[in-house]
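Asks: Required output: the full structure, derived from the provided sequences and hints.
2 protein chains.
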Amino acid sequence: MAVYTEVSDEELTGFLTQYDLGDLTAFKGIAEGVENSNFLMRTTHGTYILTLYEKRVRAEDLPFFLGLMHHLSGKGFACPLPVAGKDGESLRELCGRPAAIVTFLDGLSPRRALPDHCRLLGEALARMHIAGGDFALRRDNSLSLADWRPLFERSRARAHEVRPDLAEALERELDHLDAAWPRDLPCGVIHADLFPDNVFFLSERLSGFIDFYFACNDFYAYDLAICLNAWCFERDNAFNVTKARLLLNSYRNARAVDAAELEALPVLARGAAVRFLLTRLYDWLNHPEGALVKPKDPLEYWDKLRFHQDVRGPGAYGLD
Amino acid sequence: MAVYTEVSDEELTGFLTQYDLGDLTAFKGIAEGVENSNFLMRTTHGTYILTLYEKRVRAEDLPFFLGLMHHLSGKGFACPLPVAGKDGESLRELCGRPAAIVTFLDGLSPRRALPDHCRLLGEALARMHIAGGDFALRRDNSLSLADWRPLFERSRARAHEVRPDLAEALERELDHLDAAWPRDLPCGVIHADLFPDNVFFLSERLSGFIDFYFACNDFYAYDLAICLNAWCFERDNAFNVTKARLLLNSYRNARAVDAAELEALPVLARGAAVRFLLTRLYDWLNHPEGALVKPKDPLEYWDKLRFHQDVRGPGAYGLD
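So the protein sequences, as listed, match chains A and B. Using the numbering used here, the letters of the first sequence correspond one by one to residues 1 to 320. Using the numbering used here, the letters of the second sequence correspond one by one to residues 1001 to 1320.
Hints listed in this document are in silico derivations from the structure and should not be mistaken for laboratory results. Yeah, the Cβ is synthetic: ideal placement off N, Cα and C, and Gly gets one too. Zero decoy hints are in this set.
Covered stretches of chain B, going by a simulated chain A footprint (3 or more residues, C-beta under 8 Å):
no.: 1; segment: 1013 to 1025
no.: 2; segment: 1099 to 1107
Some residues of chain A that are not near chain B, with every Cβ distance over 10 Å (derived):
no.: 3; residue: 84
no.: 4; residue: 137
no.: 5; residue: 160
no.: 6; residue: 168
no.: 7; residue: 187
Replies: In structure tokens, the structure reads:
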């Protein structure tokens, strides 16, 4: 949850004169996303989300993120559509921060993922990968293999505060990932943060993805690995193979997954677990006192990592 | 800002089957109110706010609050209207908390009150007082004169952490208020928390009041005194007599204010300043580390109190 920046009446009014969105009828800070300030905005034309990008998002990446939403929408993939101002630009500045308005996407994020959600997710993820295939911009993943060790170094000295053996275990795991990480798998634009918060459902269908602010170019199968971790474990961190099977099979029905991708799933899932463990560990050790955002438990991802370490092959994920 | 309670999918679905509100299309925690959990809810029938009442609101007071909104709406005074379920009840339980759905009120709270806002506020406040005149329920103010000394005692020992002389000054002020507080002024239902956050404007008009969870029976003029403090001081805590004049005169145009009420304004304004100073002081000294809500500065109300202590009569508020 996050509303970091207070927008004054004058700044908001001035900002909106740059758009053809009618008159403002409601404006409320919403508890969505942990990286940016988000406001629900109703005007005489419709409902929108105004986002102010806070410091964790690099301004130079915004054309990629907004361009991607525009591209995916154009391909019929449901996601928020950036709204252009009178000058044709959708990215501008408000309260000294980059800011953009996007259309409001109807739907509800599941608090708890059910098997059917996983089935719908797999198909939609494949459709997103295909729809992004000819997106012209490129953005390297800034939280991939090469970035994990420097990220780990920033927490190493205090990792024992979270778990006594965590530093040593992560050290060994990073060595393993360096040696075993695949070099050559099908690549393209991935979402890279597809937690249930970022997927909306409406009745019995998936109504779209939101929050593309980690999207980047990387292995398609790495996106699947992130989803395995985010959707297929229960509250007690037990792996639910039924959910994994539904996720993977519905993905494969919509996009052909080759043998090398399947073979790589266990190591990609370990890497995906390490990536979230490391950012959560850093946030846990460094969140300011009295911060508005409660840091997430890094040890949730420790448990997931341990599960994948014991996996002997992709069959463990319910694949036939 | 506040979303304290996470509502599970099953609880939400089960709750909504008790209403005729169509299908849910969006559900978002919103940063509104500091006492309760609020969610913006869109359904195929319209837009609503779902509120879960957290521990600071006493469950036995809720029929008064919801009944008042219902009563005021019925009199044509714009405010959220509690939505009754299929059983005719608007108050029920969700996630172990009292909960209610109200209609969504269009409008924007000013971040900074302008003179015109104060003029519109005065008239609307008078209309609310008149509309509430025949409301059948009654609720004593639980934060009035007799409650301030016990509230002060809970912070006294640590008041010096906020300001070295605060405890002694508050002691003297409470003695003064005990002696000077009026005993017999026109009474009725007051809002008692009419900060700019709780007043919505749309174009050039006031579109309604929200957040009636401090409403109670008390002196009408005490509501005016609360508004003087909340609306007529600038960011640097300088008193803006133009705003006060507009507030008071537009109020008096809509409801006749007698001489005793006017005469009492300075002491009521001191009392209103003490009331908010004391609750803010307590919250300041007792907010849990890492709390989602940042406590408000008690010393803002210290400055306001000091202003009213120097006032020699209601003329200081711009009255003719």
